[in-house]
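Peer 1: Respectively, the protein sequence lines represent chains X and Y.
Counting along the first sequence from 1, when you hit position 271 you're at 271 in my numbering, and nothing is skipped either side.
Counting along the second sequence from 1, when you hit position 66 you're at 66 in my numbering, and nothing is skipped either side.
There may be inaccurate statements among the hints.
Lysine to aspartate or glutamate pairs mimicking EDC-like chemistry, simulated, CA-CA at most 20 Å apart [what the hints assert, rightly or not]:
no., chain 1, residue 1, chain 2, residue 2
1, Y, Lys457, Y, Asp396
2, X, Lys53, X, Asp186
3, X, Lys53, Y, Glu232
4, Y, Lys344, X, Glu10
5, X, Lys217, X, Glu10
6, Y, Lys344, X, Asp85
Here are a few chain Y residues that sit away from chain X, every Cβ distance over 12 Å (derived from the structure) [as the list claims (entries may be wrong)]:
no., residue
7, Glu24
8, Val240
9, Asp246
10, Leu355
11, Pro417
12, Lys421
Here are the in silico distance ranges between beta carbons for each label pair [as the list claims (entries may be wrong)]:
no., chain 1, residue 1, chain 2, residue 2, range
13, Y, Arg327, X, Glu191, 21 to 29 Å
14, Y, Ala268, X, Pro159, 53 to 61 Å
15, X, Gly252, Y, Arg327, 26 to 34 Å
16, Y, Ala347, X, Ser221, 39 to 47 Å
17, Y, Ser297, X, Met262, 54 to 62 Å
18, X, His134, Y, Pro101, 25 to 33 Å
19, Y, Gly270, X, Ser291, 50 to 58 Å
20, X, Pro26, Y, Pro245, 34 to 42 Å
21, X, Gly183, Y, Pro101, 30 to 38 Å
What the hints contain is simulated information worked out from the structure, not anything from laboratory work.
Glycine included, every Cβ here is placed at the ideal spot set by N, Cα and C.
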Amino acid sequence: MKYIPSVGMEVHAQLLTNSKMFCGCPTHFGESPNTNVCPICLGLPGTLPVPNKRAIEHVIRTSLALNCTIAPTALFYRKNYFYPDLTKGYQISQYGEEHPIGTLGWLEIVVNGERKRIHIRRVHLEEDTGKLFHFVPGESEVDYNRCGMPLMEIVTDFPPDIHSGEEAKEYLVQLRAILTYLGVCDGKMEEGSLRCEPNISVAPEGSDTLGVKTELKNLNSFRSVVRGIDFEAQRQSEVLESGGRIAQETRGWNDEGFSFPMRSKEGEQDYRYFPEPDIVPVVIDEAWIESLRATLPELPLAKWERYQKEFGLSAYDSGVLTADYETARFFEACVTHKADPKSACNWITGELAAKLNADNKRIDQTPFTPAHVADLLSLIQNNTITSRIAKDVFAEAYQNGRMPSEIVQSQGLTQIADETALRSMAQKVIGENPDIVEKLRSGKEGVMGFLVGQVMKESKGRANPQRVQEILREEILT
Amino acid sequence: MELHTLTAHELSRKLRAREISALELTEAVLAHIERVEPAIQAYITPTPELAREQAKQAQARIDQGDPSPLLGIPVALKDNMCTEGVKTTCGSQILHNFVPPYNATVYRKLQEAGAVLVGKTNLDEFAMGSSTENSGFFTSRNPHDTERVPGGSSGGSTAAVAAHETILALGSDTGGSIRQPASFCGVVGMKPTYGRVSRYGLVAYASSLDQIGPITKDVRDCALLMNAISGEDPNDSTCVQLPVPDFTDALVDDVKGMRLGVPKEFFAQGVQPEVVTSVRSAIDKLAAAGAEVMEVSLPTAEYGLPIYYILAPAEASSNLARYDGTRYGLREGFEEGHIRMMEKTRAKGFGNEVLQRVMIGTYALSAGYYDAFYLKAQQARTLLRRDFERAFEQCDALVCPTSPTPAFKIGELADDPLAMKLADVLTIPVNLAGLPGISVPCAPVNGLPVGLQIIAKPFDEATALRVAYAWEQMQG
Ligand SMILES: [Zn+2]
Chain X
1 MKYIPSVGME
11 VHAQLLTNSK
21 MFCGCPTHFG
31 ESPNTNVCPI
41 CLGLPGTLPV
51 PNKRAIEHVI
61 RTSLALNCTI
71 APTALFYRKN
81 YFYPDLTKGY
91 QISQYGEEHP
101 IGTLGWLEIV
111 VNGERKRIHI
121 RRVHLEEDTG
131 KLFHFVPGES
141 EVDYNRCGMP
151 LMEIVTDFPP
161 DIHSGEEAKE
171 YLVQLRAILT
181 YLGVCDGKME
191 EGSLRCEPNI
201 SVAPEGSDTL
211 GVKTELKNLN
221 SFRSVVRGID
231 FEAQRQSEVL
241 ESGGRIAQET
251 RGWNDEGFSF
261 PMRSKEGEQD
271 YRYFPEPDIV
281 PVVIDEAWIE
291 SLRATLPELP
301 LAKWERYQKE
311 FGLSAYDSGV
321 LTADYETARF
331 FEACVTHKAD
341 PKSACNWITG
351 ELAAKLNADN
361 KRIDQTPFTP
371 AHVADLLSLI
381 QNNTITSRIA
391 KDVFAEAYQN
401 GRMPSEIVQS
411 QGLTQIADET
421 ALRSMAQKVI
431 GENPDIVEKL
441 RSGKEGVMGF
451 LVGQVMKESK
461 GRANPQRVQE
471 ILREEILT
Chain Y
1 MELHTLTAHE
11 LSRKLRAREI
21 SALELTEAVL
31 AHIERVEPAI
41 QAYITPTPEL
51 AREQAKQAQA
61 RIDQGDPSPL
71 LGIPVALKDN
81 MCTEGVKTTC
91 GSQILHNFVP
101 PYNATVYRKL
111 QEAGAVLVGK
121 TNLDEFAMGS
131 STENSGFFTS
141 RNPHDTERVP
151 GGSSGGSTAA
161 VAAHETILAL
171 GSDTGGSIRQ
181 PASFCGVVGM
191 KPTYGRVSRY
201 GLVAYASSLD
211 QIGPITKDVR
221 DCALLMNAIS
231 GEDPNDSTCV
241 QLPVPDFTDA
251 LVDDVKGMRL
261 GVPKEFFAQG
271 VQPEVVTSVR
281 SAIDKLAAAG
291 AEVMEVSLPT
301 AEYGLPIYYI
311 LAPAEASSNL
321 ARYDGTRYGL
331 REGFEEGHIR
341 MMEKTRAKGF
351 GNEVLQRVMI
361 GTYALSAGYY
371 DAFYLKAQQA
381 RTLLRRDFER
391 AFEQCDALVC
401 PTSPTPAFKI
411 GELADDPLAM
421 KLADVLTIPV
431 NLAGLPGISV
441 PCAPVNGLPV
451 GLQIIAKPFD
461 EATALRVAYA
471 WEQMQG
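Can you build the whole structure from these sequences, using the hints too?
Peer 2: In C-alpha cells:
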C-alpha cells in the first residue's frame, strides 16, 4: 500500500529586538551565563512584565506578510508548568487558539514550477525559557540569559497542505526569506534563532483521515528538515505496513540519518492557561496596522517573479538572488549602478558567492560593494580588461575595497589593443614551438589552446584570447 | 510631649519650624518600638540603623528648604513590598532569607519624598488571611486588646500605626487587607482604585485584585501618603496613566448636597447589630450635616465571597509557582533531583492556608473545570462591577461597615475558616470591582474600634477622602 505523509510545521523565530520581551535586558548572544538578566526576567518576587512594543510590531508585520487576519487586541496568557529553566513557574504566551496576533493566513511556495498555497493557522508571541546544562553527571546548571527573549511562533493550518520533506523545506526557505526581508529574525537555523518542529503522520493513499502524528525535534538545517521528515514518513509507513501502530510521541533527529523516541505525548500535560493579569491587553487599531503595512518590503516570491520577467533571469538564478534579503538588495543596487543584470547575477552567484562561502561571510560584510560590481562589469564590457584579468582585479578589490578601474589603471592591466604587439608575441610563440605548430598544420585543432595560452602568458593576461586565436590562425595557416 | 503619638502633618510642621529634628523624631519612634514591640509584635524586621541614616539625610534636605511634606516622617512597610538590601519575607518561611536586589516603586517614591523606613511589618503569609494568625513567624496583637487579633492581612502595619510604633504605614489590600485591619485597630486605611498605585515590587498574591494603600492615624495623613505613592509607572502596565490630583484638596469638611448610597445588602449578611448601630449613627450625622442619604442595592454582592475564593486562589496558584527552591529562598531536598526539591521546598515552606489556596486555585484552572469555575467567576465579577456602576448613577459614594464585627480573639476562629473569611465579606466586592475604598473609625463597640467604609467611583479617591474627613471632623 502507498502511504501519503502529511506535515504540520511549527516554527519558532527569535525576534530581532534590542531588549527582551518583558524587561530592558539586552538580547545579544554569547555573554557569560546569567549576565544578561535582571529582577524581571529572573522572575523575582514582586516584578511585573511590560510587553516590548517592537516585538509586537514584528509579529504584526509578519502576520501581514503572511496574509493573516490581525487581532484587535493582543492578549497574553500564562502557561503554567514547573521546570528549573522557567523563572516564574509559568511562561507568558499567547494561548493556542485564542487571540494570537495573526490568524488564518497563507504563504506560497513553488514546487515543480507550480505555485502552491500553504495555509497558516496562527502567528503568536511568547517568551523564551532559560537553558539547562549538564556538565557533571548528576548536576545541572542553568543559564537564564535566554530567558524572556521574544519568540514568535508560526504554525501551519490543519489539515496540512505539506506532504513531503521537499515541500516542508520549500515552506521553510520561503518563510525564512520573508522573516529576513522583514528584518524580524536573522534566520540562523544552525544557531537556533530559527527552530522548526514538524509533526508528521502518514495515511493510506485515498484515505480521508489522517494518521497518528509524531513531532520531530533537533532539526537544525534545511537538509535535516528534508531528511528527517522523509525518514519519519518512511519509518511510519513501514510500521503500519508490518501491522504495527504509531505511538503519539516526540522524537529526536540524529544527523547520522535516523529518528529516536524522546518522550510520549499521550496523556498531555495540563498547562492551566489563564489570561495574564499583569499585562493590560494591547489594542491593535487600524491606524497602527496600516502604518506597519506601509513598511512591508516587496516579498521574496514577488521579487523572484519580477527578476525573471524584468531581467530575463532564470527561475533558478532568481531563486538564489531572492532567498536572502541582503543578496537581493545587493543585486538590485548593482542594477541601480547600471550593471548588466545578467552579468551582475553571474558574478554574485559565481565568483562572489564562492568567495563569501569560503570566508564564511555575509554579502554585506566585505568592502566589495555593488558599485565595485558595476565598475568591474563595465571594464569587461568595453574590453578594457579581459575576463581573465577581471578575476584578479576582483580578488584584490574584494580584499581591500579599491575600485576595479583604479586597480587596472595603477597596475597597467588594460587589454592590449595594439595589433602589431600582439602579432609579434604570436610570432615569438610560433618560433619557440615548431613541433606544435606542425601538429596544428596537420589538422590537430586541439593544440590551438596551448598556443593561445602561451601568447596569453606572454601578454600577462592582457591579450584578448579571441583575437590571439585569430592572429595565430592567420600566421600559421595562411 | 510624645512625638510618636502625633500625625505626619503635625510633625512635618514641627520639623520645618526646627522645633524638632528628623533624627530626634526617628529616635522617639524607635524607642517606643523598643518599649511596646514585645506586647504588640508588629514588626518582622525593624530597621533602626537604616532609619537613622535616612533621618540624617532627610534633615539635610529639610535644612536646604526642601518642601516635601513627608521629609523625616517614619514609615513602616508591610513585609510584602521589596526593599533593596532589607529582608522581604512575605510572612513566609519560604522567603525567610530573601533579600531583594531592587526596590518596590512605592518605596522608591517614599525615599524620594524623604520618608524614613523604620521597619517591615508582619502579615498573614503571602497576604492570605484576616488576622495575621497565618503569618509564618508569629501573630501580631491588637493594641486595643492584646488578646485580640489586629486583623489582616496588613495587621502588622495597622497595629504599628495604632500602637504609635510608626507614624505612617503602607499595607496591601486584595480582599480587604488594609480596610479590615484598619477597622479592627481603629486607624484610617485606604485601598486606592486598582491601577492608581504601582504594584511593581509588591509580591503578588492575586494580581488582578492587589493594591497598595496608606494606613494612617488620620485622613489628612492618608491624603498626604496617597499624594506620595500614586501615579503611573513604566514598570507596571496595569498602573494607569492618569493625572494625580492633590488629595489634600478634598479635605474641605463639607458634605452638603453629596449623595451617599447605603447598600442594603451590606447591613444584612451577618453584620453584628452593634456594628450596624455604630455605622448607622455615623451615616445619620453625615445626613444631618447636609448629605443626601439614599438606600441602594447591590444584588450580586452576595456572590462576592465565592467569586473571590475562585479568582484569588487561581491567580495565587500561578503567582506562587516561582517559589520552588531553584533560585532563592528556602531549598529542601536538593540532593534528590529537581522534582523532589520543588515538592519538598514547597511542602515545607508554605503554611496550610497558602497550600490550601494554591490547591483550590490549581483545581479551578484545570482542564475541564476552568469553564465551570474560573470563567464563571470572571463573568460574575463583571455583573458585580455593573451593580456598582448602577449604584453610582444615583450617588457619589457608598457608606457601610468595613467588617461585620470588631476584632475577634486570637484563636477564636481558628477552627471556623468560613467565619474568618466572612470578616472580609464587606470589603471583597470593592476589590472585585476595582474601586477605591477607605475605612475610618466610628463609635467603638464594647471598647473595640469599628470602621465606617466609604466606597467611591474608579479614580475618585478624592470623594471618599472628602466624606471620611468630614466625618472625622464631626467627631472632634
Ligand atoms: Zn531582564
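Peer 1: Each hint: holds or not?
Peer 2: For each hint, the structure was consulted:
1. Y:Lys457 / Y:Asp396: 7 Å, holds
2. X:Lys53 / X:Asp186: 19 Å, holds
3. X:Lys53 / Y:Glu232: Given that 20 Å is the threshold and the Cα spacing comes to 18 Å, the pair holds.
4. Y:Lys344 / X:Glu10: Distance of about 36 Å is beyond 20 Å: violated.
5. X:Lys217 / X:Glu10: Holds, at roughly 10 Å.
6. Y:Lys344 / X:Asp85: 18 Å, holds
7. Glu24: Fine: 33 Å to the nearest Cβ keeps Y:Glu24 off the interface.
8. Val240: Non-interface label fails for Y:Val240: nearest chain X Cβ at 9 Å, not farther than 12 Å.
9. Asp246: 27 Å, holds
10. Leu355: Non-interface label on Y:Leu355 holds, nearest chain X Cβ at 15 Å vs cutoff 12 Å.
11. Pro417: At roughly 24 Å from the nearest Cβ of chain X, Y:Pro417 sits farther out than 12 Å, so the non-interface label holds.
12. Lys421: About 22 Å separates Y:Lys421 from the closest Cβ of chain X, which puts it past 12 Å; holds.
13. Y:Arg327 / X:Glu191: 21 to 29 Å: 27 Å, holds
14. Y:Ala268 / X:Pro159: 53 to 61 Å: This hint holds: roughly 58 Å between Cβ atoms.
15. X:Gly252 / Y:Arg327: 26 to 34 Å: With a Cβ separation near 29 Å, X:Gly252 and Y:Arg327 satisfy 26 to 34 Å, so the hint holds.
16. Y:Ala347 / X:Ser221: 39 to 47 Å: 45 Å, holds
17. Y:Ser297 / X:Met262: 54 to 62 Å: 59 Å, holds
18. X:His134 / Y:Pro101: 25 to 33 Å: With Cβ atoms ~28 Å apart, the hint holds.
19. Y:Gly270 / X:Ser291: 50 to 58 Å: Holds, since Y:Gly270 and X:Ser291 (Cβ atoms, about 57 Å apart) stay within the stated range.
20. X:Pro26 / Y:Pro245: 34 to 42 Å: 39 Å, holds
21. X:Gly183 / Y:Pro101: 30 to 38 Å: Holds, since X:Gly183 and Y:Pro101 (Cβ atoms, about 35 Å apart) stay within the stated range.
Hint violations for this structure: numbers 4 and 8, all remaining hints satisfied.
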